[in-house]
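Using the supplied hints, reconstruct the complex from the two chains, each of which is provided in its own coordinate frame.
Protein chains in written order, with our numbering: chain A, 13 to 107; chain B, 5 to 288.
I should point out that these hints are in silico values taken from the structure, not numbers from a laboratory.
Quick caveat, the model's predicted, so the values are computed rather than measured.
A hint or two may mislead.
[Claimed, not checked] Here are the simulated distance ranges between beta carbons:
hint, chain 1, residue 1, chain 2, residue 2, range
1, A, R59, B, S97, 29 to 39 Å
2, A, D45, B, P88, 21 to 31 Å
3, B, R118, A, T33, 46 to 56 Å
4, A, G41, B, K95, 26 to 36 Å
5, A, A51, B, E26, 36 to 46 Å
6, A, T33, B, R230, 45 to 55 Å
7, B, G218, A, D45, 49 to 59 Å
8, B, F68, A, L100, 16 to 26 Å
9, B, H89, A, D38, 15 to 25 Å
Glycine included, C-beta positions come from ideal geometry on N, C-alpha and C.
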Amino acid sequence: MSRYQVNKLLRVIARDELVRTEFLKDPAGFTRDADLTDAERKALIERDFRTLYSLGVHSFLLFGFVMSVFPGDRKKLEEDYCKTIAPLGRIDYST
Amino acid sequence: MAKIVEVIGVTHNPFLPREFRENPDSEPGIRAAYDNFLLMRRKLREARPDVIVVVASDHLNQWFMDNMPPFLIGQARFARGPFPHEARVHKLSEYRTDIDGDLARALLRGGLNRAVDFSFSDEFIIDHAFTMPLELIRPEMDVPIVPVFTNTIAPPIPPGKRFYEVGLAMRSIIDDYPADKRVGVIASGHTSLDVGGPKTNQSVDPDFDQKMMGWIAQGNTPAVIREATWERMFEAGNQTPGFSNFLILLGLVRGVPASYTALNPCRFAASPFMTWDFANGDLK
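Next up, chain B with everything else stripped away, as it sits in the complex (with noise of 0.2 Å):
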């Protein structure tokens, strides 16, 4: 039976690899993001996943408002990204690894009997929410992913309350797979944060923040829940709603309590971190 391995959630800011690259003493919260990374890439290495389900919001790049689905698996044979102006404003790095279609269509076909219509879709690419974190996480680009895209830009977008059954919904088809798989997951989202609002490119509003991240590691998921409204994350930067995609990893693990997070303020938005770690399936 498939068991999950690691879970792990991540900033995807676009800023940060470069920043990585150039300069990542530039200030204290930089250097820390990097050595979370780092961290983050240890755990999921040790976790010796055999697929990895990243979970992330496309930026108005792949889907549009021609179209746009609330929760959407890929399964094609293979994912790439990022998308041509992405990579040259951030010189960001192409991550290109093929999709795992055998887990992909069991999410599907297990969510539509589990009451989540999943759209899907047969070729897209994968945007810098996709790709900052694998390009950081797991630069071999040797492990099979499936992409779960999520709307968290074009509302409306569904309340905190429904990224968490989603997930829930996840956790039981995974349980349910037949094949002996490792399952890592990673979800890319972000605190509180403005691109094109008032506060672009900074953390809005530091006591969401906070609030958020401590009941993520004392397991208050219901409070979580009750906060991720559209209303109230919209208050707190128009890419906050961003933040919904770790409600996905808090149906994921059942609510339980982080392993490990952190939140690591710098001149950008805050950089958010936090990790679920099981042993044979069960949390350590």
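Okay, chain A solo, but in the shape it has when bound (with noise of 0.2 Å):
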């Protein structure tokens, strides 16, 4: 699995300011060397936090890389993902 991957990157895009700037300028080279599969790599190069988190990484993960990789207003983001991911339900995270 994979996912484990995908959780290592969300949450070092998340607390590093500077992996983050790296990651946001160029997401397609920064993700080129990781073990991912092609659906996972281009969900997170996309930003696509509904793919992300349909594919089992861990939401506490997912929604602190959302809230720092997105600009604009924090509680609207906060109600964007949550009716994003509502209909998807509780999906099971574990590595």
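The following block contains the structure:
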């Protein structure tokens, strides 16, 4: 399972400003050498959090990632996030 | 001989310290939680602890899925935290205090003789689950602590029953500890809560919250243990398993009713508070 690798990237992007800047500048380059599936790589590059959630990444890490990589109003972003993933229900994210 | 002088369970909601500083009357639940933290601070001060055992769950900050301990004793010389990204986002204060290495090692070795194989660490940072309650309950940073890390975030996590058993073992170790020490205990956690789930930063399941807090007040520990399974708690929010730390407290007090409980709902998740007040080693 490479969801562990996705979790690792979500964590470091959310907590380290320098890493985040590199990711946002060139997401394809940033993920090129990571051990990810094509679906995971595409979703990460596109910051497609609905797909990442559906792939079973850790939702706590995913939320931190989303709050750190999108600009704008935090409250609205939080609402958009919840609305987007709600139809998917709870997904087991055991690694 | 060592004796337990106060046992406290609280929320570690990182939004609260800033809210208390900047907007304590934004809603009644915030003011009530602030008053409850002041009450916890007073209770702990009056108990005059020589050491505080702090039970809390790291949020994938210090420990990660490359090496995830279910229960870990921190035995470094001192503890400091929170992590820079937590301090930045939530405007949390830095906390730094000594670690009581003797008691840490006693818990570690005593656990091994009581069917609890604690992991240990000589170097770590304590995240907001530790520093937020300490910042509010013991801002003086003058009492050494023993950090006890639990995994409630990366499944599989142990069932509530196991947290209770670890608490029982810790009580037995403290009771047998030869030094004349007054031991306070703080555990942090929460009732139902989602962070990254469909109901992020809300109380997901008020029925779960009311039931659990009611049973803690009544001393109905078997019911709390029965309800505290991963499946039931995950259904009530992806962070709800953080409630399990309160099961360690129930073990430490051998399941007796709490002296005090409160649950303060607000626009974030509800804030739980519970204490067991001891005098001379016995419950008051």
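Each hint tested on the structure:
no.	hint	result
1	R59/A to S97/B: 29 to 39 Å	holds, 32 Å
2	D45/A to P88/B: 21 to 31 Å	holds, 27 Å
3	R118/B to T33/A: 46 to 56 Å	holds, 49 Å
4	G41/A to K95/B: 26 to 36 Å	holds, 34 Å
5	A51/A to E26/B: 36 to 46 Å	holds, 43 Å
6	T33/A to R230/B: 45 to 55 Å	holds, 49 Å
7	G218/B to D45/A: 49 to 59 Å	holds, 53 Å
8	F68/B to L100/A: 16 to 26 Å	holds, 24 Å
9	H89/B to D38/A: 15 to 25 Å	holds, 22 Å
Checked against the numbered hints above, the structure violates none of them.
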